[in-house]
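Novice: Residue-level listing of the chains:
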Amino acid sequence: MLGPVNSARPKPENENKGAPASAAPRASGEIVRAENLCKSFGSNPVLRGASFSVMRGEIFGIIGPNGSGKSTLLGLISGVEKPDSGTVLLDGKPVRHYSRKGLAQWLAVLRQEPLPAAAFTVREVVEMGRFPHQNWLGGEPDGGEERIEAILRRLELSGLAGRTLAQLSGGERQRAALGKVMAQDPRLLLLDEPTTYLDIGHQIQLMDKIKQWQRESDLTVVAVLHDLNLAALYCDRLMLMHRGKTVCVGTPGEILRSDLIAEAYGTEPIVIRHPAEGVPQIVLQKGESGGLGTPGDDAPEKRFAIAEGVGQIGKGKTGT
Amino acid sequence: MRAKLFFWSGIGLALLVVSMVISLSIGSAGIAVGEVWRILLHHLPVVGERVAADWQPSSEQIVVMVRLPRVLLAMLVGACLSLAGAGFQGVLRNPLADPYTLGVAAGAAVGASLLMLLGLHYKLLGMWTIPATAFLTGMLSLFLVLRLAGTQGRFQIETLILSGVVMQAFLGSVVSFMVSLSDDVVNEIVFWLLGSLAMRGWSFQPILAVWLAAGFAVLLAFARALNIFALGERQAAHLGISVERVKLTVLIVATFLTAAAVSVVGIIGFVGLVVPHLVRLMAGPDYRLLIPMSVLFGAVYVLWADTLARTLLSPTEIPLGVMTAFLGAPFFAWLLRKSKRMIGG
Amino acid sequence: MRRLWLAAVMLALAVASAACAAGGAAGDPGDGSASAAPQQGAAPAGDTGGKDEASAGGEDADKSSQGNAKSTVYPLTVQDADGQTLTFDQAPQRIVSVSPAETEILFALGLGERIVGVSDYDDYPEEAMAKPKMGGIVTPNEEAILSAAPDLVIGGISLDEQAAGRLRELGLKLYRTNPKTLDDVIANILQIGIITDAQGRAEEAAAAMREDIRTVTEAVARITEEERKRVYAEFSPGWTVGSGEFLDELIRLAGGVNIAGDTEGWNRVDEEKVIRDDPEVILYAAGLTDFDSGKALEELIKSRGGWSGITAIREGRLIPLDMNIMVRPGPRLTQALQEIARGLYPELFEQ
Chain A
1 MLGPVNSARP
11 KPENENKGAP
21 ASAAPRASGE
31 IVRAENLCKS
41 FGSNPVLRGA
51 SFSVMRGEIF
61 GIIGPNGSGK
71 STLLGLISGV
81 EKPDSGTVLL
91 DGKPVRHYSR
101 KGLAQWLAVL
111 RQEPLPAAAF
121 TVREVVEMGR
131 FPHQNWLGGE
141 PDGGEERIEA
151 ILRRLELSGL
161 AGRTLAQLSG
171 GERQRAALGK
181 VMAQDPRLLL
191 LDEPTTYLDI
201 GHQIQLMDKI
211 KQWQRESDLT
221 VVAVLHDLNL
231 AALYCDRLML
241 MHRGKTVCVG
251 TPGEILRSDL
261 IAEAYGTEPI
271 VIRHPAEGVP
281 QIVLQKGESG
291 GLGTPGDDAP
301 EKRFAIAEGV
311 GQIGKGKTGT
Chain B
1001 MRAKLFFWSG
1011 IGLALLVVSM
1021 VISLSIGSAG
1031 IAVGEVWRIL
1041 LHHLPVVGER
1051 VAADWQPSSE
1061 QIVVMVRLPR
1071 VLLAMLVGAC
1081 LSLAGAGFQG
1091 VLRNPLADPY
1101 TLGVAAGAAV
1111 GASLLMLLGL
1121 HYKLLGMWTI
1131 PATAFLTGML
1141 SLFLVLRLAG
1151 TQGRFQIETL
1161 ILSGVVMQAF
1171 LGSVVSFMVS
1181 LSDDVVNEIV
1191 FWLLGSLAMR
1201 GWSFQPILAV
1211 WLAAGFAVLL
1221 AFARALNIFA
1231 LGERQAAHLG
1241 ISVERVKLTV
1251 LIVATFLTAA
1261 AVSVVGIIGF
1271 VGLVVPHLVR
1281 LMAGPDYRLL
1291 IPMSVLFGAV
1301 YVLWADTLAR
1311 TLLSPTEIPL
1321 GVMTAFLGAP
1331 FFAWLLRKSK
1341 RMIGG
Chain C
2001 MRRLWLAAVM
2011 LALAVASAAC
2021 AAGGAAGDPG
2031 DGSASAAPQQ
2041 GAAPAGDTGG
2051 KDEASAGGED
2061 ADKSSQGNAK
2071 STVYPLTVQD
2081 ADGQTLTFDQ
2091 APQRIVSVSP
2101 AETEILFALG
2111 LGERIVGVSD
2121 YDDYPEEAMA
2131 KPKMGGIVTP
2141 NEEAILSAAP
2151 DLVIGGISLD
2161 EQAAGRLREL
2171 GLKLYRTNPK
2181 TLDDVIANIL
2191 QIGIITDAQG
2201 RAEEAAAAMR
2211 EDIRTVTEAV
2221 ARITEEERKR
2231 VYAEFSPGWT
2241 VGSGEFLDEL
2251 IRLAGGVNIA
2261 GDTEGWNRVD
2271 EEKVIRDDPE
2281 VILYAAGLTD
2291 FDSGKALEEL
2301 IKSRGGWSGI
2311 TAIREGRLIP
2321 LDMNIMVRPG
2331 PRLTQALQEI
2341 ARGLYPELFE
2351 Q
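Protein chains in written order, with the working numbering: chain A, 1 to 320; chain B, 1001 to 1345; chain C, 2001 to 2351.
Any given hint could be a false lead.
Taking beta-carbon pairs under 8 Å as the criterion, some of the chain B residues facing chain A (in silico) [unchecked claim]:
#, residue
1, Gly1201
2, Arg1224
3, Ala1230
Simulated from the structure, these hints should not be mistaken for laboratory data.
Virtual Cβ for every residue (Gly too), placed ideally from N, Cα, C.
Just chain A, with the same shape it has in the complex (with noise of 0.2 Å):
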């Protein structure tokens, strides 16, 4: 077994930028910090002590196959569960002490099933991510109008601002979803597996606006993600869960490698560098016996290089 990699180095900081005046300077940067997290759904353990912290700033990927707890971890960090043991932080404070409505002034999340089809119309769905920020009566110190319009803009919605959600596609009313979720200003946001009811052009189309609308507003993502290449090309580091405990945490370089991979999926995948990129990108393979491979097993055989260039496919020594 393959303990947890600690070399990971955060991208640079951006602690120095707008940073909220109500935070006190957070000395390490770090927006959450999760520790030896458990939870148990009656008898079976879904999360049984994971650890792990997000600076500040970064795009923070948590990949592993079903059943690993990731979408419970979401659950814990935002607050909307509560674990059976261990405590998650976030800027400093223990989530359980934050009110709902406070830690949704600065906490979103986004989830995979789409927003229902409720008669609201898709400015009236982006307005409701104002709700946190306003008061009883429904008012805001400065009318939010011009935000919502600059959202429906940005997300390309301003066609569609008058339909109700009844009448849109997956992949318009997950660009609402994000829309609502945008207007929510948040400074830390949680993706639950936003892009599985999408094809692979609303995929790209989403993780591109919600890229760059990390990079203008200093927001930190953490996002849960079935698919490992969308995973690499987005995020900043990524941390592999198997069976309820975080195995590793790392760049997607240290992570994505096909005995990680298949230790953890129990289907060895080929890794190839993105030829663009330059992130590790995977390449599924067909299974010999029709199985899945059980992990642990020592086939050293089995592995393959990260080969350099597209093409250069194939068994080889191993090099690192």
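Could you slot chains B and C onto chain A? The hints should help.
Specialist: Leaving out everything else, chains B and C in the frame of chain A:
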């Protein structure tokens, strides 16, 4: 939103005023319309002096002691039930939800039936005996449903609805049992259940008005939260809404309104179901509109139902519940045909 | 949003102030009508309504006697069956009756012209059906009654307590009766006679009823306990009547034994019990058809499973009776008594 609010409020108020005018002017006693209005004007503080009192004392009695209170009571009851219906639909997110879904009407019926079975329905507190008791048993049944459906302070919608169905069925059978025990051939309990606003006088309007105002204020405060509920409870939680607290508060307030109305008028159906849907169809799913409009249009609906109930076969009265169902069912069928999309909202 | 609150507050205030205004006004018409009633009573009838003229008015109303009948002295204070005290300054001239039995009594006392309203169900005598309708007997119509401007409203055994309270609240003079036995009915007739200053006719009616009772009780006096015929009464498909009701008393007076006498009030037929008790005579409501089966009541009774062996059915002793006179606590009740007695013991009443 503001523009829509004023538009629909205007229509609702106009409709309400016209309905009041018509309803006050007709009844079993053939009093001329002009006389009705002069009697009413006579009672206004300043203008009243100018109107000469040249009518029969019985006419004044009828207009002021029988028709006016009844018109106001019908409006208040309709407003309470529609408001409750809007609240229930917002929380339960089920298009078939109405104020009776959680069994509160059946609970109120148990209290009223028990009193009538024992012949005590007037003895203890006069006119207030049935309403006070029915209100208590109604709220009690809500308490039982919440106990049945709740796990660790959380209430899943499906479990709530099922618990309500169970409670309704059980309490309904208790009421049927009491009906069968009741030894009158002309069954008082059955008549109470069918609903009526006759013979209520001025006793209940003040307290219903207070409940309505309070319930309206609370539900309106939760209007935006109820809008967000349409996106799902998880989404609502992520936006900072204390989901369980909102659910519980809205349910309790809506039940309060329902119990208050039912304890006075009996079980009249379709008001809490049809009116919010109707408003939704006309004005959209936004609860900031839905709540005030439900109040206005609910008042109009029951006012009309009651006016027809007391005039169609005058002097015999048609039970009010029969009338609301009679008006409501075809209307609801029409609604369903017209707007299969909208009801999802 | 602010304007919304304003609208809501104004609506609430409007409702509240309307309630208060009318509530405040409620006191006035209430008092007004009480004092207005005697004046109104005087105006339409054309009689002079003063206290001094009471005796003269009384004699005018009493057509049949020439001065040996008693006349009521006003002001008169009485208590009704609910314990409410009513005071009459003169004989009521505009009477509303929401009880068929009491309507019959009023007509029997010759007061037909003073009746200004009857219930929907009043059908005897014929003239009653032509009177203005006032709604049901359980909850009559307030507006109709108020617009008839009565100075006396008579309610019967079916009147709902709450409705009674409400009518009193509206300032109407409600006299509620609650006769439970035949003697109560006779006393009722006499009392109404006193109130309406028709004592002569009342005493005649009472005397006639007592005579009817006497003929029956004398005729059946010789029948011993064991010889008393067992009677089963079905006045509505599936329903019989037990103790505490008129029918039970009439059966007893007529020399019969009500097999349902061990039960109380109206109750559903226990078919097995009837077979066991084996009645010798069955009384049933004439002209009734069972709703569910569409059969005439007589047929329904005869065709019940296992009843063919019952004595009454074997011997064909099923007596149809006009149910209205059986259940209405009015002057025709003794007529019912006679019909029952004749049905039970035809041999005793060969006349």
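Novice: Next, verify each hint and record whether it holds.
Specialist: Consistency of the hints with the structure:
1. Gly1201: Because about 39 Å separates B:Gly1201 from the closest Cβ in chain A, which is outside the 8 Å limit, the hint is violated.
2. Arg1224: The hint holds - B:Arg1224 has a Cβ within 8 Å of chain A, the shortest such distance being about 6 Å.
3. Ala1230: The hint holds - B:Ala1230 has a Cβ within 8 Å of chain A, the shortest such distance being about 4 Å.
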